[in-house]
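Take these sequences, add in the hints, and give me the full structure.
Residue numbers (the working numbering), protein chains in the order written: chain A, 1 to 311; chain B, 1 to 311; chain C, 1 to 311; chain D, 1 to 311.
Hints are computed from structural coordinates only; laboratory data are not their basis. Honestly, I wouldn't trust all of these hints.
[Claimed, not checked] Taking lysine-lysine and the DSBU-like style, the derived pairs with C-alpha atoms no more than 30 Å apart in a straight line are:
id	chain 1	residue 1	chain 2	residue 2
1	D	Lys-143	D	Lys-120
2	C	Lys-143	C	Lys-120
3	B	Lys-120	C	Lys-120
4	A	Lys-120	A	Lys-143
5	D	Lys-120	A	Lys-120
6	B	Lys-120	B	Lys-143
[Said to hold, decoys possible] Covered by chain B, according to a simulated footprint, are these stretches of chain A (three or more residues, beta-carbon under 8 Å):
id	segment
7	21-33
8	150-163
9	207-214
10	286-299
[Stated by the list, open to error] Over 12 Å on every C-beta distance to chain D, these chain B residues come out as not near it, computed from the model:
id	residue
11	Gln-6
12	Thr-78
13	Gly-118
14	Tyr-221
15	Glu-224
16	Thr-298
Glycine included, C-beta positions come from ideal geometry on N, C-alpha and C.
Number of protein chains: 4
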Amino acid sequence: MTAPAQCAQFHAIAQRVNNWGRWGPEDERGTLNLVTDEVVRAAAATVRSGRRVPLALPLQQDGVQSGMIPGRVNPLHTMVAVNMELFGPGTVATSDDVVTMGLQAGTHWDALPHVSHGGKLYNGRPADTVTAHGRAAFSGIDKAGPLVSRGVLLDVARAHGVQSLAAEHAVGPEDLDAAEELGGVRVGQGDIVLVRTGQMRHYLAGDRDGYAHPSPGLSLYAPEWFHARDVAAVANDTLTFEIFPPEIEDLWLPVHALHLVEMGMLQGQNWNLEELSLACAEEGRYAFLLSAQPEPFTGATGAPVAPVAVL
Amino acid sequence: MTAPAQCAQFHAIAQRVNNWGRWGPEDERGTLNLVTDEVVRAAAATVRSGRRVPLALPLQQDGVQSGMIPGRVNPLHTMVAVNMELFGPGTVATSDDVVTMGLQAGTHWDALPHVSHGGKLYNGRPADTVTAHGRAAFSGIDKAGPLVSRGVLLDVARAHGVQSLAAEHAVGPEDLDAAEELGGVRVGQGDIVLVRTGQMRHYLAGDRDGYAHPSPGLSLYAPEWFHARDVAAVANDTLTFEIFPPEIEDLWLPVHALHLVEMGMLQGQNWNLEELSLACAEEGRYAFLLSAQPEPFTGATGAPVAPVAVL
Amino acid sequence: MTAPAQCAQFHAIAQRVNNWGRWGPEDERGTLNLVTDEVVRAAAATVRSGRRVPLALPLQQDGVQSGMIPGRVNPLHTMVAVNMELFGPGTVATSDDVVTMGLQAGTHWDALPHVSHGGKLYNGRPADTVTAHGRAAFSGIDKAGPLVSRGVLLDVARAHGVQSLAAEHAVGPEDLDAAEELGGVRVGQGDIVLVRTGQMRHYLAGDRDGYAHPSPGLSLYAPEWFHARDVAAVANDTLTFEIFPPEIEDLWLPVHALHLVEMGMLQGQNWNLEELSLACAEEGRYAFLLSAQPEPFTGATGAPVAPVAVL
Amino acid sequence: MTAPAQCAQFHAIAQRVNNWGRWGPEDERGTLNLVTDEVVRAAAATVRSGRRVPLALPLQQDGVQSGMIPGRVNPLHTMVAVNMELFGPGTVATSDDVVTMGLQAGTHWDALPHVSHGGKLYNGRPADTVTAHGRAAFSGIDKAGPLVSRGVLLDVARAHGVQSLAAEHAVGPEDLDAAEELGGVRVGQGDIVLVRTGQMRHYLAGDRDGYAHPSPGLSLYAPEWFHARDVAAVANDTLTFEIFPPEIEDLWLPVHALHLVEMGMLQGQNWNLEELSLACAEEGRYAFLLSAQPEPFTGATGAPVAPVAVL
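Below, the structure written as structure tokens:
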């Protein structure tokens with residue numbers, strides 16, 4: 001295994017994209033600071049048709065988790081009441097639900113403290129500020145604040161003319177450029193970028209293991225592109241987010257380390273971009289209003305989200 | 001106890017507001033059908049400042065549930081991994097979370113099958129289509145579809161010049177009219193109406209039991225007002241949604257029965273409208289873009305939501 | 001599919017083994033009534049060596065459940081505190097655990113209301129006395145009372161000279177007779193009978209799916225043998241307890257229906273009898289004191305148990 | 001606050017009762033090593049009447065936890081199936097349960113790594129061998145092995161002629177001596193000692209907060225008595241086990257530290273000793289066979305137990 005800092009390529013990129021201190025030593029929101037009121041006004045102005053496309057997978061026992069990641073359990077959803085006549089026979093009857101699930105199990109955002117490397121979290125905070133009982137003392141998902149901005153679909157699979165990218169395809173800067181060109185859009189400050197690989201099609205076709213891995217995903221060289229454009233957040237349609245197994249042998253999860261720790265940028269996984277891909281192609285527009293507020297679990301290192309794109 | 005149908009007042013209102021069959025016998029979305037693309041375009045056009053106001057309470061063990069409602073448990077949020085070096089010493093370390101919670105425990109939407117009366121659910125479906133293992137066969141929260149529309153804050157507490165309404169205050173048509181006038185806005189088709197009572201201030205001040213009950217809330221006579229305006233959904237800042245204990249002795253949860261069963265209209269509880277109240281007053285505008293997509297639990301009778309108002 | 005009562009063989013056996021009313025119309029304990037103080041005194045007298053053999057599988061995420069039975073989840077065990085210094089730095093630090101699990105997921109007892117057929121539970125009670133919110137109103141596992149008696153190992157695999165029975169082996173009366181003869185013991189009133197098939201060896205060797213099914217197990221003709229001997233309870237080392245798929249096509253779970261509903265007899269699954277098989281063979285004794293108290297979940301239709309045999 | 005090692009009284013006792021290395025540097029079972037086959041044979045020989053007394057509280061939402069201990073939640077027990085006809089209409093129908101609960105929430109054993117002090121666990125192992133994902137690497141409850149021995153009830157409340165001890169009563173050596181005399185029994189090697197304070201009567205009468213604290217419990221001076229007698233384990237009928245608030249100001253949980261860390265001795269809490277108190281008084285015998293096997297959660301720092309005394 002390789003500690004990320006011992007890998008020259010990683011180290012050089014990390015230095016170039018690092019945002020520690022950029023928004024002050026107390027900051028817990030990272031690149032979400034780039035979403036200004038002005039950005040949001042412009043995002044609202046992108047709405048033309050009023051068409052709404054939901055991007056979350058259903059939350060159910062038969063979800064995307066295959067057991068590959070220990071403890072990340074699909075939702076176990078049970079009823080604590082079924083037509084319970086709480087106030088006596090014949091009165092209004094209520095049904096109530098309860099769930100147990102991994103916060104990172106379905107369509108979700110990773111919060112900044114979801115990973116650490118070299119003992120550090122975003123903004124230089126020590127990794128041991130995450131504990132079993134206190135959870136994340138800094139930058140938990142509840143600190144993210146409202147997450148509405150312009151969304152841009154970078155449909156890499158469509159740009160390559162395929163339904164889904166091959167498992168060994170690491171999505172790098174040239175892919176992002178090509179998808180921008182396909183979409184006729186330029187990614188800019190505060191955008192939330194949705195990168196479509198088409199990998200979700202495996203899960204939707206019933207192949208959970210095939211979806212999990214091996215998987216195409218972001219390349220080690222993508223974060224610098226996002227950094228240059230001052231992107232607010234990135235999400236895609238895979239379980240691992242970045243290519244898995246990794247491009248450089250034994251350099252595990254480098255994109256996680258760059259995004260979450262070095263840049264302070266939220267990343268989303270297991271987003272279903274299939275309907276959105278069709279909608280954008282039909283409307284010939286790849287920018288839209290995106291609302292993607294995570295459930296505000298206090299101190300969580302990730303949370304479910306039910307994103308909606310409004311075209 | 002009184003079965004709702006045996007109460008003359010309830011029965012008369014129910015007949016007037018009933019929407020069964022209005023969108024066909026197969027419909028599972030009720031009044032959400034009123035949110036058209038046109039409504040959404042108009043909603044996007046309300047955005048002026050770009051200011052975003054989140055409306056969800058933090059999800060934590062110390063949440064709003066006091067034990068009054070059996071089985072509706074506050075989130076128990078634990079870590080299944082804390083800086084776990086999955087790939088060996090020195091590699092990127094990951095932290096993961098898991099939660100157990102009532103789907104109706106925090107800021108949430110009630111789905112249409114959350115209540116039944118007279119053995120029936122919305123659109124005349126039998127109550128026994130909700131089961132422990134199958135959950136809700138019809139109109140589960142996953143059937144709601146994208147929930148973005150124009151939001152309108154009806155700040156009843158502010159219209160009355162108080163910080164929060166008295167516990168015995170049943171919010172009726174005249175209160176809704178007064179709040180409309182305060183806001184300089186007219187509620188119309190497809191709107192999501194947020195009714196502020198100020199009751200949330202008790203919870204925010206640390207008084208969980210005082211928040212739970214007795215509580216002001218919607219009157220038995222409010223649903224007809226919403227029906228006349230063709231509202232898409234209603235949410236407020238209380239635990240019980242409607243006044244509790246009820247206005248008519250032994251007529252329990254009549255508003256639930258009218259909204260969810262008769263009208264087929266989603267209702268939201270435990271929404272934190274305090275910051276929004278300030279924002280609307282400051283900006284002098286009470287209509288905005290509202291994004292309030294529930295987490296799509298398959299067949300659930302309710303689900304957490306992290307709503308955001310964009311002014 | 002076949003309703004059990006429509007199958008002539010099932011029907012005839014059911015009539016012969018039925019215990020409804022035998023211990024009065026109010027009874028909720030069934031054959032556990034057969035464990036008298038005298039039986040327990042005799043059980044204690046079987047102790048010779050003092051050797052103790054535990055029979056429960058470890059409770060962990062990697063348990064026996066393979067996903068075949070919907071909702072029956074392996075234990076998800078997390079820490080809510082790890083060395084938390086609750087009273088200040090340097091004070092005694094505590095660690096605490098929490099678990100989510102199916103009550104029937106590991107080594108467990110099925111309670112009498114775990115199954116119904118023809119709309120009936122043990123002692124003729126209606127099946128709808130089990131509800132989502134009330135759980136089992138009658139004969140829940142908490143009603144079982146203390147479960148200590150003489151245990152007898154019927155080592156069918158050893159009697160056949162094999163490590164584990166073939167998947168198509170339905171364990172019937174002749175197998176039970178042979179195992180009695182091997183053990184030099186006669187099963188009698190109030191005994192808890194442990195039937196070893198050796199199927200557990202598949203799970204212990206890492207083959208969870210192979211363990212689950214197809215599986216040897218009790219034959220439709222075994223219950224009458226247990227009834228004739230006035231056995232108190234039966235447990236074995238399989239997931240399905242009875243042979244699976246069943247001996248008679250489309251007659252599903254007939255042994256469950258006979259034991260739990262007709263006889264009112266608890267049955268145990270996923271018991272690890274491997275060490276006990278060795279111990280009994282070494283000591284040349286197949287009867288012992290067995291302590292197998294289920295966790296007393298109120299109204300549960302099953303519960304984990306950590307049984308111990310004392311030789 | 002006071003670190004235990006800085007308190008002279010604690011320090012002196014700790015040195016005298018310390019068992020580190022007594023059963024070798026690899027040992028994970030501590031004083032349970034004192035339960036030999038011979039001890040168990042003698043325990044079985046104590047059985048006279050065959051009367052069985054269960055000592056576990058029911059496991060239910062309305063359990064003993066009051067919220068005082070963060071994250072230690074009462075059982076939330078739901079049904080994942082209610083009379084589900086898995087194989088088609090009319091076939092045998094099954095009901096299944098699922099639970100979420102704190103492992104230390106009900107009647108339970110604390111495992112040795114449940115507390116640490118000075119950064120150490122039993123046998124000198126470092127406290128950081130307990131982690132969120134790995135749980136307890138050493139001495140988890142699954143390492144305890146079979147837990148059957150002679151039980152002795154020391155009925156301190158009865159010896160004092162009261163129904164329950166006053167909250168400020170710290171149970172010390174003289175109380176244990178008095179209860180021994182009442183019982184006509186001498187505690188010896190390998191015994192499991194049950195100390196009755198009567199505090200459980202508060203919970204059984206519906207006063208959960210009164211049960212929780214203030215509470216009588218073991219004194220700082222009790223462990224040395226247990227050490228002198230070579231006791232295997234101790235349990236009682238309180239939430240906090242030791243007197244709470246503590247005898248010496250700011251010296252929190254000293255008995256936990258002495259038993260679990262210094263001596264390596266399991267301790268049990270929330271045991272219901274009321275029926276046993278009556279049974280022992282009626283039979284005039286205070287020693288019996290005790291079976292108290294914890295549920296074997298892998299690496300857990302505690303586990304539920306459903307103990308049974310056999311007189």
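To see whether the hints hold, each was checked on the structure:
no. : hint                   : verdict
1   : D/Lys-143 to D/Lys-120 : 18 Å, holds
2   : C/Lys-143 to C/Lys-120 : 18 Å, holds
3   : B/Lys-120 to C/Lys-120 : 26 Å, holds
4   : A/Lys-120 to A/Lys-143 : 18 Å, holds
5   : D/Lys-120 to A/Lys-120 : 26 Å, holds
6   : B/Lys-120 to B/Lys-143 : 18 Å, holds
7   : 21-33                  : violated (count 0)
8   : 150-163                : violated (count 0)
9   : 207-214                : violated (count 0)
10  : 286-299                : holds (count 9)
11  : Gln-6                  : 29 Å, holds
12  : Thr-78                 : 7 Å, violated
13  : Gly-118                : 22 Å, holds
14  : Tyr-221                : 36 Å, holds
15  : Glu-224                : 37 Å, holds
16  : Thr-298                : 14 Å, holds
The structure fails to meet hints 7, 8, 9 and 12 from the earlier list, while all remaining hints are met.
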